[in-house]
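Participant: Sequence:
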Amino acid sequence: MGYYVRTDQGTKLFVEDIGKGRPVLFIHGWPLNHKMFEYQFDVLPAYGVRCIGIDLRGFGRSDRPFSGYSYDRLADDIKNVVDALRLTSFTLVGFSMGGAIAIRYTSRHGKGRIRQLILAGAAAPVFTRRPDFPYGMPVEEVNKLIKQAYEDRPKMLAEFGKLFFANPISDSFQTWFFGLNLDAAGHSTIHTAVSLRDEDLRPDLKHIHAPTYILHGKKDRICPFELALQMKASIPYSALVPFEMSGHGLFYEEWEKFNRELLKVIWS
Numbered sequence: 001m002g003y004y005v006r007t008d009q010g011t012k013l014f015v016e017d018i019g020k021g022r023p024v025l026f027i028h029g030w031p032l033n034h035k036m037f038e039y040q041f042d043v044l045p046a047y048g049v050r051c052i053g054i055d056l057r058g059f060g061r062s063d064r065p066f067s068g069y070s071y072d073r074l075a076d077d078i079k080n081v082v083d084a085l086r087l088t089s090f091t092l093v094g095f096s097m098g099g100a101i102a103i104r105y106t107s108r109h110g111k112g113r114i115r116q117l118i119l120a121g122a123a124a125p126v127f128t129r130r131p132d133f134p135y136g137m138p139v140e141e142v143n144k145l146i147k148q149a150y151e152d153r154p155k156m157l158a159e160f161g162k163l164f165f166a167n168p169i170s171d172s173f174q175t176w177f178f179g180l181n182l183d184a185a186g187h188s189t190i191h192t193a194v195s196l197r198d199e200d201l202r203p204d205l206k207h208i209h210a211p212t213y214i215l216h217g218k219k220d221r222i223c224p225f226e227l228a229l230q231m232k233a234s235i236p237y238s239a240l241v242p243f244e245m246s247g248h249g250l251f252y253e254e255w256e257k258f259n260r261e262l263l264k265v266i267w268s
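Numbering (the working numbering), first residue to last: 1 to 268.
One should not assume that every hint holds.
Said to hold, decoys possible - Lysine-lysine pairs mimicking DSS-like chemistry, simulated, CA-CA at most 27 Å apart:
#1 12 - 162
#2 218 - 232
#3 111 - 219
#4 35 - 20
#5 20 - 232
#6 155 - 144
#7 35 - 155
#8 111 - 264
#9 232 - 257
#10 264 - 232
#11 206 - 232
#12 162 - 35
#13 144 - 257
#14 219 - 257
#15 79 - 232
#16 206 - 35
#17 147 - 162
#18 79 - 219
#19 155 - 219
#20 264 - 79
#21 206 - 144
#22 20 - 206
#23 219 - 232
#24 162 - 219
#25 12 - 79
#26 218 - 257
#27 162 - 206
#28 218 - 264
#29 20 - 79
#30 218 - 35
#31 12 - 35
#32 111 - 232
#33 162 - 144
#34 218 - 206
#35 20 - 111
#36 35 - 219
#37 79 - 111
#38 257 - 162
#39 79 - 162
Worth flagging that the hints you see were computed from the coordinates, not collected in a lab.
Can you make the complete structure from the sequences, with help from the hints?
Facilitator: And the structure:
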């Protein structure tokens, strides 16, 4: 079932809501939409899981305002959906940039509501390198992505897609996956890339009190595994689950293991 939730700013967010049982809210990565979780939504409802996928503003079938792409605003959008659906004691799953937004939501709004937090290939605690944080993507590389998005977004997305998977992926899957990226608004892609470049979640980590599970590919070339180690060291009550054979796309490259780990957490 698909429907829209209106935020406090009037922005309409598309929500896919499938299955009955334990509620699990999925937040997609950059610059994708909720359809990236197809290989979870096809399976998990059979195990008593209610899969709820949001298209962030500017992505998928949601409205595309020109502004509102800070982590604070995106986290507030998630709160609007949680409030509208009256979710309590739910599992929150965030992938890549969605993991960063999940952290900000948890720190800002999640106390007492989130049962578990799952961070998959999360772009956190900081996506880009800093003088005091020598991990992640160089700022210059993100600036290059932004520049390319202004000049030739399809080419930028195609090149970025080559970094996503560590294992061979069929041409058909690549075409489908590229389409999910291309479906985003150009300005949304650019403005969220600026947030990825500039936001710092390190102060948020100590405010996460829900049990947290960090799922991360050992071969990740977008959010290197060192980021997972930093999150594990800083988030109380956290556990790290390495995906030995995966790059950034662990949700597909090892989808059977990914789904098993989700179910293990959801039903724990």
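Participant: So, against the hints stated earlier in the document, which numbers end up violated here?
Facilitator: 1, 3, 5, 13, 16, 18, 21, 22, 27 and 39
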